[in-house]
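Enquirer: Sequence:
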Amino acid sequence: MSKKPTKQFATRAVRDGTHRSAFGEHSEAMFLTSGFVFDDAEQAARRFQNQEEGPVYSRFTNPSVQMFEERLASLEGAEDCVATATGMSAILAVCLGLLKSGDEIVTTGSLFGATIQLFDNFIAKFGVKVRYVSLTDPGEWQAAIGPNTRLFYLETPSNPLTEIADLQAIGEIARKAGVITVVDNCFCTPALQQPLDYPIDLVLHSATKYIDGQGRVLGGAVAGPRSLVKEVRQVVRTCGPSMSPFNAWVLHKSLETLAVRMRAHSESALQIAKWLEAQPMVERVLYPGLPSHPQHALAMRQQSTGGAIVSFEIKGKSPEASRDLAYRLVNSVEIFSRTGNLGDTRSIITHPGSTTHGRISEEARQRAGIRQGLIRLAVGLEDVDDLIADLKQGLAA
-19 MSKKPTKQFA TRAVRDGTHR SAFGEHSEAM FLTSGFVFDD AEQAARRFQN QEEGPVYSRF
41 TNPSVQMFEE RLASLEGAED CVATATGMSA ILAVCLGLLK SGDEIVTTGS LFGATIQLFD
101 NFIAKFGVKV RYVSLTDPGE WQAAIGPNTR LFYLETPSNP LTEIADLQAI GEIARKAGVI
161 TVVDNCFCTP ALQQPLDYPI DLVLHSATKY IDGQGRVLGG AVAGPRSLVK EVRQVVRTCG
221 PSMSPFNAWV LHKSLETLAV RMRAHSESAL QIAKWLEAQP MVERVLYPGL PSHPQHALAM
281 RQQSTGGAIV SFEIKGKSPE ASRDLAYRLV NSVEIFSRTG NLGDTRSIIT HPGSTTHGRI
341 SEEARQRAGI RQGLIRLAVG LEDVDDLIAD LKQGLAA
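The letter at position 82 of the sequence shown is residue 62 when you use the working numbering, and the numbering goes up by one with no holes.
Hints are not guaranteed to be accurate.
Calculated cross-link-like contacts (lysine-lysine; reagent style DSBU-like; alpha-carbon spacing at most 35 Å) [as the list claims (entries may be wrong)]: (1) Lys80 / Lys156; (2) Lys109 / Lys(-13); (3) Lys254 / Lys233; (4) Lys(-16) / Lys233; (5) Lys297 / Lys254; (6) Lys105 / Lys210; (7) Lys372 / Lys295; (8) Lys80 / Lys109; (9) Lys80 / Lys105; (10) Lys(-16) / Lys156.
What follows is a set of in silico ranges between Cβ atoms, one per label pair, in the way DEER data are often shown [what the hints assert, rightly or not]: (11) Ala25 / Arg206: 16 to 26 Å; (12) Ser7 / Arg243: 16 to 26 Å; (13) Gly82 / Gln148: 24 to 34 Å.
Hints are computed from structural coordinates only; laboratory data are not their basis. Model, not experiment: these values are computed from the prediction. Just so it is clear, CB atoms sit at the ideal spot from N, CA and C, and this is done for glycine as well.
Whenever a hint applies, use it, and build me the whole structure from the sequences.
Expert: Structural data, given as structure tokens:
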């Protein structure tokens, strides 16, 4: 359950989570320090024993990181938030903090490739079983629950097929079974979607993506009720996947423009998706903002726009032919950047089957629906007419 804010989103994005030092700076200061000094031995003891609030050591308490955590918690409508070094370390911290040997995760093949590797190759080593179900079928989530099911983990929209999960239905199933739900909100950010408005327990981010928005720094975060975030925070404090003060300062400032950026990304993405649907070489376009998307109605209930990610498949007579055509398109564009990241001001083109999902098994790729002709676009902030012209000449090649 989310906290009901008293101010509008854009105001909170600019104003919340600001703490000024004795110098009274207007723009938030950056606290580049590993440690902090204490007034006396007694204060040090109180700080280390959590009897007094205040910074102790930047592995787990730093004012720059705290300001970012508070601002993001406000935007997600969460009681608390803990920042991590990366999005993947946020997932790891959730697993280490909330799971034990013998527990089970129910998740979906419609995940970022590295998340699947984390679950299958590392978390499973510690005696945690992973069950895969359809992201879009709540009945499969219900059927997968067993006596040891502890966690539901999902992305919506999914990467890269932009499938949409029914947060209300899946959340209600989990609540009735006493299962914790974790939603990766990386694609939408709280500017477009707020999972905690539904029966969802935790929201997770790769802040590296749209929260930064300019491809500069790495970061992750987990937001939700204080009781659960506390467990994740203990992992960060003890194991050390901490966010650096510099990265926190960058991300904190980036949140100020999040709403404006996500609106602009989404407007251009919708125009490009509509254009792609009319191209004879394109087999299908996957974008939640299009009426042709299988979960369009659900997406428009849960999200304020379709988001910035557009995926589409090139027509080919065989998987190999489709891959060759996809490669030719990737190699022919001049404005789109050829990289595996997303969430930048610069538009990005990616062939998921050989990059983001290239290291998972063929079985996992099939389960995730990653075909060889699939292309993922992360639409940036360039002029949309230039982006369409770039894709046009790329398809012509």
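Enquirer: Give me the numbers of the hints this structure contradicts, sorted from smallest to largest.
Expert: 2
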